[in-house]
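The residues making up each chain are set out below.
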Amino acid sequence: MSKLVLRRLDRNNEEMLINFGPQHPSTHGVLNFLVETDGEVMRRAIPDIGYLHRSLEKIGEMVQYPGYMPYTDRIDYLAAMFANEGYAIAVERLLKIEVPKRAQYLRAISCELNRITSHLVSIGTMATDIGAVTPLVYALRERELLNDLLEALCGARLTYNYHRIGGVAFDMPEGWRDKVLAYLDRLDSSIQEWDRLISTNEIYRKRLGGVAVISRAQAIDYGLSGPNLRGSGVDWDLRRDVPYGAYPDFSFEVPVGCGWAGVVGDCYDRYYVRVLEMAQSSRIIRQALEKMPDGELTAKVSRKPKPEAGEVQSRIESARGELAYYLVSDGTERPYRLRARTGSFMAMGIIEDISPGLMVADLVALIASLDVVAPETDR
Amino acid sequence: MAQFSFAFPKPGTKKLLVGATLGAALAIPALLAGLLVFLVPMVNKPLLDAFIREKLGHVPATWVGTQWVYAAALFLAGIAMFTFAAITGGIFSWYERRVAARIQSRIGPNRVGVAGFLQWIADAVKLLFKEDLVPGEADAMLFRAAPYFVVAGMTLVLVALPAGQAIVVADLDVGIFYILAVTSFIVVGILLSGWSSNSKWSLFGAIRATAQVVSYEVPAGLAILVPVLMAGTLSTQGLIRAQGGWPWEWFFFRNPAAAVAFFILFISQLAEGNRTPFDLAEAESELVAGYFSEYSGFRFALYFLVEWANLWIIGAVATTLFLGGWQIPGVSAQTWASVRGAGSFPAFGWWALQFVSLGIFAVKTLFLVNVVIWIRWTLPRIRIDQMMNLCWKYLVPAGFAAMLFTLVWQMVATWAPIVEKITALVVFAATVWVTWRFLQQTRKNVSLIAHERVDLSNW
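If you read the sequences in order, they're chains A and B. Going by the working numbering, the first sequence opens with residue 1, and the numbers climb by one from there. Going by the working numbering, the second sequence opens with residue 1001, and the numbers climb by one from there.
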């Protein structure tokens, strides 16, 4: 890989080549960027991924269908619920199982709670990368309270392993509903506090506004998805446009970037879309808790499911964009092929083409605004 | 089940610990004040001459030992200033972490001593015991020498920096100019460390720091010219003597341009001290640790010592130039002279008054130090092109305008002194109003966070 990259660099020029990572405070995990700079201005930043590759797709071919669920947690450890749900939906489609309504609602609630924790980390680290350390601690404080709730629901704070093929593992604990509602009240006021704290900060807006603009066409061409795509002004959300699970039952808005601090598709838009999405997630959870139906937690699934030979695809709206699983079954207990398409991997692709002309400090803002997480790029 | 006890200190040792910490917390500032008040006036030549004449019984002009006494006094004063810098730097390092923790709704260091007060000693001891590593590819000599340039730049400033009516090591005629000049030593050290580390990140940080410090010396110099023009002297003590004890006698309030110059100077000092929002040189999220990325142990500690001792310098320079320095309200130059008495040695009241002046100077300086810390933990970092724009497009022209305005203002003030008095009161009233509005807004913001109570019990 590095040989390949070095060949692509022009050896006759005067630029300095810096390894921006893999041990660097703002690369959000073990990522490397080969940065070619002329002083402060970058000529190019080439992402060099693979430091966190754990063969998760290959492992999928070696374990039985239910046994892969804990591994999906590791695909995206900041938003493990989505990876759980995507895999569960794919296997359910393969087995042609109908998920009970209550389980679907619990999935929606757990995923939206997870979306909030993931976005809190994203916007917090973004502020830190821009140089304001304090907002990160505020975001982590809110996230810890939410982690307590998730822990009460599924027993884990990071790798949840909550979803099951055909449903979810546990029902809501007693009194959990009220705690969640109380937390959501707190969150709504926290989001306003967050705006006062950092979103309206002039330096912050100047650092992010108009920086690393990804145009609408570019965003679509490079396969960006989720908040990154919506930050570029594309109104596309799988929860609304390709509905799955319980999402058709809820009404919510899809925030789209509109150049709050400069140009549509700049870092600030991608950042602020996430802030607004947290409020929408809170709205979805409230509706789900209100309409929560009674019923089974899981459909009847054999302990060693053997789906018919065939192939399916599931797409869900993860916190980092579209998370798609492609499963091929050959009629045995193990998948023949498992493939996960993740938002971060797609987002990494655009960095090399957006980076020329940016400053080194802007690269940090660009990485943070794309919300790239190393395990998702490498799997 | 195993019992894990994280309680620290253990109940039995608590009283001793509280006592020890409180003792240290009170003794260290008291020791500092004592050092400053009693050692620093000693470098005053007439006092030393009187000491030789009356206590040692020699004629200073002819006695051989005179030079030795001078040298000993200078040595002691130097030790006093360096100790002062080291200890204030250490205490600030603890204080900043505590304040930062409060700002971030954390507790902060609270293990070593009561409220973690002895944390800075623990950190210093830890760093002294660490290996002093020189990277293999580094230019070893320059790498080792670089921190001393930085420390020299910081300590040399203290020579001309007053802290009380007679508390200044050398009341130079070119005091403030001297301070501007020796501050440049820090740039030399930073550039050396960045270059000699042979690390791309260090070089990046060093180039950034150099560009930043050299640029911001221009607006800082222009802003300093404003009080210099008003006082007609470059001497730091002379600048303070030209101001008065009451707020409306300070330079900050006496001239609208001086208020502008104060903010220009303050911003420039933040930039020169590499403090947020101008901490580009050590921008953690971009450059790992900037120019001191490769340092460890003692040399690393020196950089941090300078960083925190610089806090005092930032506050003290601004206090000297704009906020009336050590001037005690209601105590004029005549009062000082009469309290001192006619004898060779000053009377007791004079010494007491020195303490008061030191206290007033320290309070003003510490207020500014708090503002600097508060800014650091509130604002994001600006980008290098924005930093340069701010300097050359806004601060430098504003500094020139303030200087030219002051030239005209001085003529007006000489022609009709009442104008200066009225302006001072108006600017003072405006400042009070702005402060009041600010506090109101803060209260409103605090009340908006209904779920968060200010809890100071867990210190």
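In short, the hints are calculated from the structure, not lab data. Yeah, the Cβ is synthetic: ideal placement off N, Cα and C, and Gly gets one too. You may find that some hints are simply not true.
As the list claims (entries may be wrong) - Only pairs whose alpha carbons sit at most 30 Å apart, straight line, appear in this in silico BS3-like list of lysine-lysine: (1) A:Lys206 to B:Lys1393; (2) B:Lys1055 to B:Lys1130; (3) A:Lys206 to B:Lys1126; (4) A:Lys179 to A:Lys206; (5) B:Lys1126 to B:Lys1045; (6) A:Lys58 to A:Lys206; (7) B:Lys1015 to A:Lys206; (8) A:Lys58 to A:Lys179; (9) A:Lys179 to B:Lys1126; (10) A:Lys306 to A:Lys179; (11) A:Lys101 to A:Lys206; (12) A:Lys291 to A:Lys58.
What the hints assert, rightly or not - What follows is a list of derived Cβ distance ranges for each label pair: (13) A:Arg141 to B:Gln1440: 49 to 59 Å; (14) A:Cys258 to B:Asp1385: 41 to 51 Å; (15) B:Trp1374 to A:Arg141: 17 to 27 Å; (16) A:Glu253 to B:Glu1131: 19 to 29 Å.
Claimed, not checked - Among the chain B residues that face chain A by a calculated CB cut under 7 Å, a handful are: (17) Thr1021; (18) Asp1049; (19) Arg1053; (20) Arg1102; (21) Pro1277; (22) Trp1377; (23) Leu1379; (24) Pro1380; (25) Arg1381; (26) Ile1382; (27) Ile1384; (28) Met1387.
Comparing the hints with the structure gives:
1. A:Lys206 to B:Lys1393: Given pair Lys206 (chain A), Lys1393 (chain B) holds - Cα atoms ~16 Å apart, limit 30 Å.
2. B:Lys1055 to B:Lys1130: With a Cα-Cα distance of about 47 Å, the restraint between Lys1055 (chain B) and Lys1130 (chain B) is violated, given a limit of 30 Å.
3. A:Lys206 to B:Lys1126: violated (40 Å)
4. A:Lys179 to A:Lys206: Violated - the C-alpha atoms of Lys206 (chain A) and Lys179 (chain A) are around 38 Å apart, more than 30 Å.
5. B:Lys1126 to B:Lys1045: Violated, at roughly 41 Å.
6. A:Lys58 to A:Lys206: Answer violated: Lys58 (chain A) to Lys206 (chain A) is near 44 Å, above 30 Å.
7. B:Lys1015 to A:Lys206: The hint is violated at about 52 Å.
8. A:Lys58 to A:Lys179: Violated, at about 40 Å.
9. A:Lys179 to B:Lys1126: violated (45 Å)
10. A:Lys306 to A:Lys179: violated (40 Å)
11. A:Lys101 to A:Lys206: Violated, at roughly 47 Å.
12. A:Lys291 to A:Lys58: violated (40 Å)
13. A:Arg141 to B:Gln1440: 49 to 59 Å: violated (26 Å)
14. A:Cys258 to B:Asp1385: 41 to 51 Å: Distance hint for Cys258 (chain A), Asp1385 (chain B) is violated at roughly 26 Å.
15. B:Trp1374 to A:Arg141: 17 to 27 Å: Because 20 Å falls inside the window, the suggested range holds.
16. A:Glu253 to B:Glu1131: 19 to 29 Å: Violated: the Cβ-Cβ distance is about 57 Å, outside 19 to 29 Å.
17. Thr1021: With Cβ-Cβ at 26 Å, over 7 Å, it is violated.
18. Asp1049: violated (54 Å)
19. Arg1053: violated (58 Å)
20. Arg1102: Not OK, violated: Arg1102 (chain B) not within 7 Å of chain A, min 11 Å.
21. Pro1277: holds (6 Å)
22. Trp1377: holds (5 Å)
23. Leu1379: holds (6 Å)
24. Pro1380: Given a least distance of 4 Å, the restraint on Pro1380 (chain B) holds.
25. Arg1381: holds (3 Å)
26. Ile1382: With Cβ-Cβ at 6 Å, under 7 Å, it holds.
27. Ile1384: holds (5 Å)
28. Met1387: Since chain A brings no Cβ nearer than about 10 Å to Met1387 (chain B), farther than 7 Å, the hint is violated.
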